[in-house]
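Trainee: Chains A and B, in that order, are what the protein sequence lines are.
All residue numbers for the first sequence refer to the working numbering, where the first residue is 1 and numbers rise by one.
All residue numbers for the second sequence refer to the working numbering, where the first residue is 1 and numbers rise by one.
No wet-lab data here; the hints were simulated from the structure.
Where a beta carbon is used, it is the ideal one built from N, C-alpha and C, also for glycine.
Among the clues, some could well be false.
[Stated by the list, open to error] Just some of the chain A residues that point at chain B, by a computed CB distance under 10 Å: (1) Met5; (2) Asp39; (3) Leu52; (4) Val61; (5) Val62; (6) Leu92; (7) Glu101; (8) Glu104.
One letter stands for each residue in the lines below.
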Amino acid sequence: MNARMELCFPLGSEMMTTVRLTTGGMCALAGLDLDTSEDCKVCVTESLLLLLHRGFREARVVFSEENGLRVAVKGEGERKEAQESAEDDISLALLGALAGEVAEEKREGVLVALSFRFESK
Amino acid sequence: MTESELFREYRETRDKALRNRIAEKYLYIAAVIAKKFVGRGVEYDDLYQVASLALVRGIDRFDERKGLQFSTFITPTITGEIKNYFRDRSRLVHLPRRVSELRALARRTAEEMLSESGKKPTASELAARLHVSEEELLHAEEAGSVVSLDAPVEGAESEMSYYDAIPAAEDMYERFETKEAVLAAVGELSETEREMVRLRFGQELSQAETAKRMGVSQMYISRMERKILEKLRKSLKEGSLE
């Protein structure tokens, strides 16, 4: 079974527990170990933070089981005022350090989506 | 001074004061990354310390001529160190990383060789495939065998456990003498240094908490601690030679 799940939600701190729990569940389903699962949660949280700093107030996260887990995180809806942070570079570097195959999608120079994959060992 | 100028000067001079300035400037990166790993069973202070050490080591290795920003270079370094720390902590008995890696690799390779030829490889065949000596391979295999301290010592005539067989590290008289020597050495420190020793080693506070109580930076405490330990070491060494 190649499981797939989509979450669409308002980008707010109150949603983070739900997102992290869902991420953990999908990681378990994809056969990732606990450490990798924790890394995946960090990557999802950092991606959402990056989108929030670019003015998105809604996000969609798509999990697909592909020899591990592929996660796509997209900003949705209208963008409000962006507040890019000095820590964004660290977030991007952290994604690169934790996940394999990180891809960024930009529209008019603005980051609008990120995807990454974690392989099951 | 730009980031690139700062690192160029450090690369050319290796001036420790400059390295400390750079470390203080970028310590926030260690703090930011350490926070991301909170909640995995390790205190923030410990994570921050691991991250800070990685930062200082990273400063020595960073080459600004390669065109990378320091934050881009150091983030994977710090992340790697934190992950190594988690991995090392997860073992009851801490094995050196090389030994752990060789054990894991040997297990995987042995399975591969079994599926290739249909028979289990010998130690020498496995060592040859892994490009290590047979002795090194056997040492790595052996390192994983955890023995309970309550288990009986093999070959002992009575029912002696490994715990019984371990000699005491010191006797009470030695302990008393050591305490006296340490107290005398601490007495030679300045008032501020004694206060730091009291907080760090008496109350067992973290460097961050000690820094907060004394109204200084954690980096300052870290430097002071190194200096004090060096002083005490010297003082105790001289005392033991008298």
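Trainee: All hints are to be evaluated individually against the structure, with a verdict given for each.
Mentor: Evaluation of the provided hints:
no.: 1; hint: Met5; result: violated, 23 Å
no.: 2; hint: Asp39; result: holds, 8 Å
no.: 3; hint: Leu52; result: violated, 16 Å
no.: 4; hint: Val61; result: violated, 18 Å
no.: 5; hint: Val62; result: violated, 23 Å
no.: 6; hint: Leu92; result: holds, 8 Å
no.: 7; hint: Glu101; result: violated, 15 Å
no.: 8; hint: Glu104; result: violated, 14 Å
In this structure, the hints that do not hold are numbers 1, 3, 4, 5, 7, 8, in rising order.
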